[in-house]
Amino acid sequence: MTAVARPGALVAGAESAGHALELRGLSKRYGGFTAVDAVSLRVERGQFLTLLGPSGSGKTTILMMIAGFVAPGEGAVLLDGRDITALPPERRDFGMVFQGYALFPHMTVAENVAFPLRVRRLGRAAREEKVRAALDLVQLSGFADRRPSQLSGGQQQRVALARALVFDPDLLLLDEPLSALDRKLRAELQEELKALHRRIGRTFVSVTHDQEEALSLSDQVAILNHGRLVQLGPPEALYERPRTRFVAGFLGHSNFLRGTVREVAAAGSVVQAGGTRLLQRDEPGPPGATVLLSLRPEKIALLAEGEGAENAVAGSIAAWAYLGAGYSLSVATCDLGVLHVALPAWRAPIAPREGLPVRLGWSAEAAVPVLEDADAA
Amino acid sequence: MRGYEAGPLARTLAWATVLYLLLPITIVIPVSLTDRRYLSLPEQSLSLQHYANLLRSEAWLSAIGQSFWIALASTLVAVVTGTLCAIGCWRIGRRSTELVRALMLLPLIIPAIVYAIGLYRWFGWMGLLDRFLGVTLAHGVTGIPYVVITVSTALAAFDPRLEQAARGMGASLWQTLRWVILPRIAPGIASGAIFAFIHSWDELVMVLFIASRQVFTLPRKIWDGINENLDPSMAAVAVLLILFTVLLLALDGAVRARRGG
Numbered sequence: 001m002t003a004v005a006r007p008g009a010l011v012a013g014a015e016s017a018g019h020a021l022e023l024r025g026l027s028k029r030y031g032g033f034t035a036v037d038a039v040s041l042r043v044e045r046g047q048f049l050t051l052l053g054p055s056g057s058g059k060t061t062i063l064m065m066i067a068g069f070v071a072p073g074e075g076a077v078l079l080d081g082r083d084i085t086a087l088p089p090e091r092r093d094f095g096m097v098f099q100g101y102a103l104f105p106h107m108t109v110a111e112n113v114a115f116p117l118r119v120r121r122l123g124r125a126a127r128e129e130k131v132r133a134a135l136d137l138v139q140l141s142g143f144a145d146r147r148p149s150q151l152s153g154g155q156q157q158r159v160a161l162a163r164a165l166v167f168d169p170d171l172l173l174l175d176e177p178l179s180a181l182d183r184k185l186r187a188e189l190q191e192e193l194k195a196l197h198r199r200i201g202r203t204f205v206s207v208t209h210d211q212e213e214a215l216s217l218s219d220q221v222a223i224l225n226h227g228r229l230v231q232l233g234p235p236e237a238l239y240e241r242p243r244t245r246f247v248a249g250f251l252g253h254s255n256f257l258r259g260t261v262r263e264v265a266a267a268g269s270v271v272q273a274g275g276t277r278l279l280q281r282d283e284p285g286p287p288g289a290t291v292l293l294s295l296r297p298e299k300i301a302l303l304a305e306g307e308g309a310e311n312a313v314a315g316s317i318a319a320w321a322y323l324g325a326g327y328s329l330s331v332a333t334c335d336l337g338v339l340h341v342a343l344p345a346w347r348a349p350i351a352p353r354e355g356l357p358v359r360l361g362w363s364a365e366a367a368v369p370v371l372e373d374a375d376a377a
Numbered sequence: 001m002r003g004y005e006a007g008p009l010a011r012t013l014a015w016a017t018v019l020y021l022l023l024p025i026t027i028v029i030p031v032s033l034t035d036r037r038y039l040s041l042p043e044q045s046l047s048l049q050h051y052a053n054l055l056r057s058e059a060w061l062s063a064i065g066q067s068f069w070i071a072l073a074s075t076l077v078a079v080v081t082g083t084l085c086a087i088g089c090w091r092i093g094r095r096s097t098e099l100v101r102a103l104m105l106l107p108l109i110i111p112a113i114v115y116a117i118g119l120y121r122w123f124g125w126m127g128l129l130d131r132f133l134g135v136t137l138a139h140g141v142t143g144i145p146y147v148v149i150t151v152s153t154a155l156a157a158f159d160p161r162l163e164q165a166a167r168g169m170g171a172s173l174w175q176t177l178r179w180v181i182l183p184r185i186a187p188g189i190a191s192g193a194i195f196a197f198i199h200s201w202d203e204l205v206m207v208l209f210i211a212s213r214q215v216f217t218l219p220r221k222i223w224d225g226i227n228e229n230l231d232p233s234m235a236a237v238a239v240l241l242i243l244f245t246v247l248l249l250a251l252d253g254a255v256r257a258r259r260g261g
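For the record, the sequence lines run as chains A and B.
Here this note's numbering is used: the first residue of the first sequence is 1, the next is one more, and so on.
Here this note's numbering is used: the first residue of the second sequence is 1, the next is one more, and so on.
Honestly, the hints are just simulated from the structure, not real lab data.
Simulated restraints on C-beta separations:
(1) A:Asp145 - B:Leu55: 47 to 57 Å
(2) B:Leu108 - A:Ala187: 47 to 57 Å
(3) B:Leu13 - A:Arg29: 55 to 65 Å
(4) A:Ser328 - B:Ile92: 49 to 59 Å
Residues on chain A that point at chain B, a partial pick, calculated with CB under 10 Å:
(5) Ala67
(6) Arg91
(7) Gly100
(8) Met107
(9) Arg120
Every value quoted in this text rests on a predicted model; they were computed, and no experiment measured them.
For each residue, glycine too, the CB sits at the ideal point set by N, CA and C.
Modelling step: build the complete structure from the supplied sequences, incorporating the hints.
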């Protein structure tokens with residue numbers, strides 16, 4: 001009776017609908033290979049968490065352990081504090097969008113979406129009602145009788161979403177949900193997915209290797225490498241304050257400057273890198289320590305004649321590329337090696353040309369100290 | 001662009017092969033229409049009398065009926081066990097399942113007569129000689145390889161993520177099998193069933209060993225007919241058999257054609 005009475009259940013109760021997921025010391029070994037190594041993290045109700053990492057980082061294995069398709073070697077999966085590690089996938093009540101969508105080719109769109117309801121033995125009337133609501137939600141109302149093979153990639157993706165959401169799952173899992181789509185469509189569906197998440201307020205866990213997708217969709221991003229959780233946090237925090245060299249290099253681009261801390265003062269620290277003294281607002285380490293700084297290409301400015309900056313270095317353009325929105329410059333410097341600089345094209349003070357001498361400058365807040373990956377482990 | 005064309009040698013060879021395959025079959029057609037009372041080519045006129053005899057003969061009709069029911073029952077045995085075996089091997093997917101699959105093909109590899117001798121000893125102990133059940137089991141088991149081969153082929157094209165998706169959405173193993181896996185591999189199962197049916201329908205060697213009076217299949221009746229009297233009804237039966245088999249193969253072709261859509 002209740003099932004029939006809540007046709008709009010998909011969109012209701014934004015705050016209460018989500019469930020909190022916790023992973024405790026999750027590990028998985030295949031023979032001598034450690035796919036996932038003691039990963040612990042927590043996703044709060046209604047949040048969008050993305051597991052981001054290169055291929056082989058263990059992100060998909062973690063998702064499969066959450067879904068129940070892979071049994072963890074060690075550790076536990078908890079939903080709202082309840083241990084579900086031993087529960088088989090069909091009893092977890094999680095919606096899942098598979099890589100490549102895994103739509104049933106022998107069923108129509110409506111039959112595909114109705115599948116989770118059919119296995120739950122829901123009555124025909126309630127089933128039809130919910131299927132209609134789910135197809136409305138993904139704006140595919142007119143496509144109920146088509147076969148998946150008659151749909152475009154983006155439409156198939158939406159059917160997969162509708163099918164994953166139709167039974168009001170506790171958790172929605174997405175395995176590389178947008179990777180099969182072309183660039184433009186991907187950007188479009190990113191926005192849709194984000195709006196959908198906000199509208200239904202459920203907890204989403206997504207896996208991707210696409211950093212742009214991770215940054216734009218998520219409330220929290222977990223960066224994984226070699227089966228380990230390297231850093232967890234909101235996208236801005238990860239981008240602005242990467243903890244390790246890997247995070248800084250994987251999420252966006254970064255220049256790395258190595259130097260020794262010379263002095264620590266109230267106004268900032270001085271880091272000696274080759275013959276250049278770099279001013280850092282924060283305190284990267286005690287005097288005498290060797291430190292690694294990550295400096296984003298877009299935080300470096302091209303200095304005009306006579307213009308000063310807290311950090312300045314001279315060099316010449318070794319290579320450059322025009323990218324539409326901006327220029328990408330590689331500037332060879334004496335002390336700091338090659339620095340990559342991202343320059344907005346519309347206010348570029350120069351016309352780049354190879355061999356052109358330039359002066360680069362950046363503020364004392366621009367660079368961020370990061371750990372070497374070996375030290376972070 | 002001109003496609004590849006066969007040279008005269010290849011062409012001759014191909015036609016020779018076709019004739020070699022077809023001639024012995026086509027000879028029975030005129031023989032079945034003979035106006036004589038023994039196996040021969042028609043001399044004065046064509047006659048349908050042997051077809052009429054056939055349809056009036058209690059013995060022939062009974063043999064056809066028995067063969068049909070045995071083929072049907074043994075097809076059921078082969079399809080159920082063969083399909084489950086193929087799905088099981090596919091799901092487990094380990095090295096050891098390769099061995100199981102090879103084992104399932106044994107009836108194709110071992111000479112039927114060797115197999116029949118073994119069956120004769122075992123069925124003697126179990127009291128299955130000259131029984132409908134005995135022949136059905138023998139034909140069913142030896143029909144398994146056809147089903148295992150066709151279903152395995154169909155499963156090789158099945159996306160394992162569909163099964164994962166079904167389980168992830170709450171489907172039990174049985175629901176997944178019925179609503180997702182079976183519909184996808186149905187054409188393979190149908191193909192296997194048709195071959196298993198044909199296998200039982202024209203099997204003679206095992207029947208000679210394990211059946212005598214009670215169970216009298218069509219191939220057995222033809223065999224006895226050739227040995228005892230040279231009744232042209234056999235040619236008529238042969239023509240009907242050929243037509244029936246061609247029909248089944250055409251059905252198989254139709255099933256395979258639909259698989260693409």
